[in-house]
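> Chain residues, written in single-letter form:
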Amino acid sequence: MTHTFAVQLNSLLAALILLTAFALLAQRKILGLVHIFAWQGFFLALSTAVIGYASGEHHLYISSLLTLVMKVILLPYILYTLVRKLKVHRDIDAVVNIPTTMLLGIMLVVFSYHLTAPIRELSNLMTRSTLAVALATVMLGMLMMVTRRHAVTQILGFLAMENGLFFAATSATYGMPMVVELGVALDLLIAAFIFGIFFFHISTTFESLDVEQMAKLKETD
Amino acid sequence: MAQELVSPSTLIFTATLLAAFSGAPLLVPRLLSASRGQLLATMLMLAASILGLTGAVLVLVTACTETFQLAWTLPFGRAEIGIDPLTAWFLLPIFLIPGCAALYARSYWHADNYPASVRKMTFFFGLMAGFMSAVTLARDGITFLFAWEIMALAAYFLVATEDEKPEVNSAGTLYLITTHVGTLGLFGLFPLLTLAAGSWLFPEAGSLDASSPVAAAMFLTALFGFGMKAGIMPLHIWLPSAHANAPSHVSAAMSGVILKVGVYGIVRSLSFFHSVPLWWGALVLLLGVVSGVVGVAFAIGQHDLKRLLAYHSIENIGIIFMGLGVALIGQATGSAAMVLLGTAGALLHVLNHATFKALLFLGAGSVIHATGTREMDLMGGVARKLPYTALLFGVGAVAICGLPPLNGFVSELLIYLGFFRGIQGSGIAAAATALAAPALAVVGGLAVACFVKVYGIVFLGAPRTEEHAAHHEAGWQMLLPMTILAVVCAAVGLAPALLSGMLQRASLTAFPSLGADAGTSLATLAPLPIVSATAFILLGLLAALALWYRRRLAAAPQGETVTWGCGYQRPTPRMQYSSSSFAELLTGLYSFVLKPLTHRPGIASGIFPAGTRFHSHVPEAVLELVYIPSLERLYKRFLPIRRMQSGILQQYVLYILITLVLLFVSDYL
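These protein sequence lines map, in sequence, to chains A and B. Be aware that the first sequence starts at 43, since it is given in the working numbering, and climbs by one per residue. Be aware that the second sequence starts at 2, since it is given in the working numbering, and climbs by one per residue.
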């Protein structure tokens with residue numbers, strides 16, 4: 043595998059990650075969202091491995107493996123069981139309708155490219171062009187959290203954001219130090235357990251997983 | 002020194018730890034029964050007191066200064082604790098009062114009578130005492146803030162000891178809010194200090210220039226943060242309700258010592274500066290005058306014994322501030338005598354107020370214990386059943402009024418002498434001190450009026466209600482601490498010269514510029530031997546008078562009638578002066594600030610007039626007429642901003658997203 047081929051492959055994978063991020067915005071079925079999330083994790087793992095191979099930073103293989111285990115197998119599995127147990131299938135109607143959300147998402151991607159332009163000029167890493175995609179993925183994840191009302195989609199948006207951050211780290215500096223990555227992986231696992239517990243509590247307290255119900259917790263004036 | 006096993010610093014550090022964790026065994030109910038645990042905690046506190054007092058006196062006598070580096074890794078640089086005479090001076094009340102109060106609590110708040118609250122009360126009491134000491138030992142901003150917060154929170158749990166009562170809860174909440182607002186001031190102070198001094202460590206005394214704007218900001222934040230804790234007048238709002246609702250020995254420790262820790266903070270932060278501008282001194286003096294006069298005026302109007310004592314704390318903090326004001330004005334005008342007299346007066350009053358106010362609160366606790374109420378208008382004739390308590394309370398009352406031969410007189414005399422030195426100067430400094438001197442006199446006069454009222458209503462006369470008549474004298478655990486405090490009051494009053502060396506060393510630590518002028522010493526500036534001689538003569542005269550009166554009384558015919566019987570056919574105890582009728586004239590005079598609420602009865606008319614009642618109440622005017630209305634207005638004004646807090650999750654994420662985008666854009670621009 044030549045260097046240019048690796049760069050091109052990485053760009054393709056970045057495009058796929060961006061595509062899955064948009065798919066997350068568009069998908070209404072919750073199980074479908076979990077599948078798309080798993081795909082995003084898979085592309086991320088693949089991209090990390092490619093960067094690791096091309097740059098010679100072999101610790102990225104471990105990161106890639108970690109991503110594969112965590113984000114493609116473990117977290118989707120946990121979410122899948124949760125969704126089955128809580129018997130949720132469709133998302134509640136979004137705050138903003140899906141076409142508008144997509145348009146907002148496109149604007150955010152353009153904004154990200156605009157923002158990272160100076161970095162593309164300065165950096166000499168082979169992954170410099172994918173930084174914009176990484177930033178866009180973070181913002182799209184956040185946009186998903188803003189526009190969706192279901193607790194499970196909130197979490198998926200959060201996890202997508204985390205994927206974006208991870209991708210940004212690999213694109214900008216060939217990954218974070220190993221210790222940090224292990225820590226983040228552990229945090230994610232803990233977070234998965236915590237939101238699992240919270241889902242059950244929210245659904246029993248409010249008899250719904252609509253996070254807007256939580257506004258009831260606010261003190262009244 | 003540090004190599005010795007029993008150096009003063011080792012004693013003080015041991016005492017601090019011992020006090021802080023004296024209540025810890027009580028937290029394991031299986032280990033000890035509550036009663037035994039309380040006994041153990043009391044003994045540990047007493048041991049801590051003895052060790053700490055020994056250490057503090059040794060430091061004061063030898064004037065040694067040591068600092069120790071703490072092995073601690075936080076990203077704030079080095080952390081240090083240390084001792085010097087200024088710290089040691091404040092350690093005297095810090096170890097004396099809680100020791101006495103802990104012994105008192107053994108009888109007053111005995112585990113058998115209060116099984117629900119004794120464990121937490123004892124634990125937090127020790128914690129508070131230990132961390133008050135730690136505050137004075139801290140030598141850098143972070144350690145100071147840690148100790149300060151633990152002390153403040155422990156005090157909150159003590160105020161809220163009886164948290165099942167709603168008024169106790171609201172007093173505790175008010176205290177918690179104000180203490181944190183005060184801490185906010187300190188959060189401003191220490192970063193400014195770091196800015197000025199270059200590290201979180203406290204700078205050398207007199208090393209910072211006071212004329213810069215940063216120094217002015219530091220001065221104001223320190224005055225706000227520490228003034229809140231000390232209870233200086235516009236910031237005193239937490240004090241009356243907290244002192245009234247805490248158990249009496251806790252009130253004694255809080256009023257006696259926690260307020261003094263606030264004073265310590267101010268003295269310590271002032272000590273960093275040299276060439277202090279005149280307005281600092283003038284402001285401190287003004288605050289002192291306002292606190293003194295208004296505090297005592299509020300006190301006169303109170304019907305609740307402990308609230309009344311709490312307002313007297315505000316008054317006495319005012320007197321301490323007057324002393325500090327004199328010292329600062331002296332520093333600005335270059336008068337070493339004023340600096341020394343003012344500082345020594347303020348520091349001595351710190352110790353004095355701690356002893357006599359603790360004595361009074363403990364005495365009030367005994368009275369409340371015996372009568373079952375805090376309302377003075379329901380008491381009366383307590384002296385007959387509690388003769389020792391009455392005597393000891395009387396000693397405290399005379400001391401707080403600043404009358405010879407007790408200790409209050411000595412410290413107020415030093416401050417007066419400072420004023421007189423200031424008047425000899427010229428310009429604004431002379432005018433300020435000349436105006437403040439009569440204010441101190443007014444405070445003294447009103448304090449006498451107030452304690453005549455307290456003593457007359459509570460201890461003399463006849464019981465006003467059958468239900469709240471006193472029955473039993475307090476036990477020895479309650480009388481002994483009060484006796485110790487009374488003896489300290491008398492000793493300082495009779496032989497102030499014993500303390501002059503220590504006072505001078507402590508003052509010198511606070512204001513090292515005094516050391517340059519070798520001619521000034523407390524012994525030459527203040528006529529302490531004459532004070533002693535006068536005090537002894539006065540004591541002799543008093544003893545002779547008491548003896549003569551007793552002899553005459555023995556010869557007089559014995560009879561018993563209701564006080565203020567006035568020749569009525571059927572007098573009742575309810576015809577006695579009440580606390581509001583006694584204070585009516587004075588509260589009327591000060592009604593422009595006290596805003597008393599009076600419900601007057603209609604004039605009885607007709608042959609069979611209907612029943613009517615008189616009711617008067619002096620509310621906490623500053624809180625109820627200034628703070629609460631302005632906070633409510635603020636609350637309404639900010640209603641649109643509170644809409645941002647919708648409670649909807651997506652909105653919060655949206656805020657983050659917008660902030661993120663804006664940050665990116667601002668960076669890009």
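If you are wondering where the hints come from, they were derived from the structure by calculation, not from laboratory data. Please note that a few of the clues may not be correct.
Calculated cross-link-like contacts (lysine-lysine; reagent style BS3-like; alpha-carbon spacing at most 25 Å) [said to hold, decoys possible]:
#	chain 1	residue 1	chain 2	residue 2
1	B	K166	B	K121
2	A	K260	B	K121
3	A	K129	A	K258
4	A	K127	A	K71
5	A	K129	A	K71
6	A	K258	B	K637
For clarity, every value in this text was computed on a predicted model and none was experimentally measured.
> Starting from A/K127, check that the Cα of A/K71 is at most 25 Å away, please.
16 Å, holds
> Do the alpha carbons of B/K166 and B/K121 lie within 25 Å of each other, as the hint requires?
Holds, because 16 Å separates the two Cα atoms, which is no more than 25 Å.
> Measure nothing beyond the straight line between the CA atoms of A/K258 and B/K637; if it is 25 Å or shorter, mark the hint as holding.
Given pair A/K258, B/K637 holds - Cα atoms ~22 Å apart, limit 25 Å.
> Run the distance test for A/K129 versus A/K258: straight-line Cα separation, threshold 25 Å.
Holds - the C-alpha atoms of A/K258 and A/K129 are around 23 Å apart, at most 25 Å.
> Is the Cα-Cα distance between A/K129 and A/K71 25 Å or less?
Holds, at roughly 12 Å.
> Are A/K260 and B/K121 close enough, with their CA atoms no more than 25 Å apart?
32 Å, violated
Comparing the model with each numbered hint stated earlier shows that hint 2 is the single one that does not hold.
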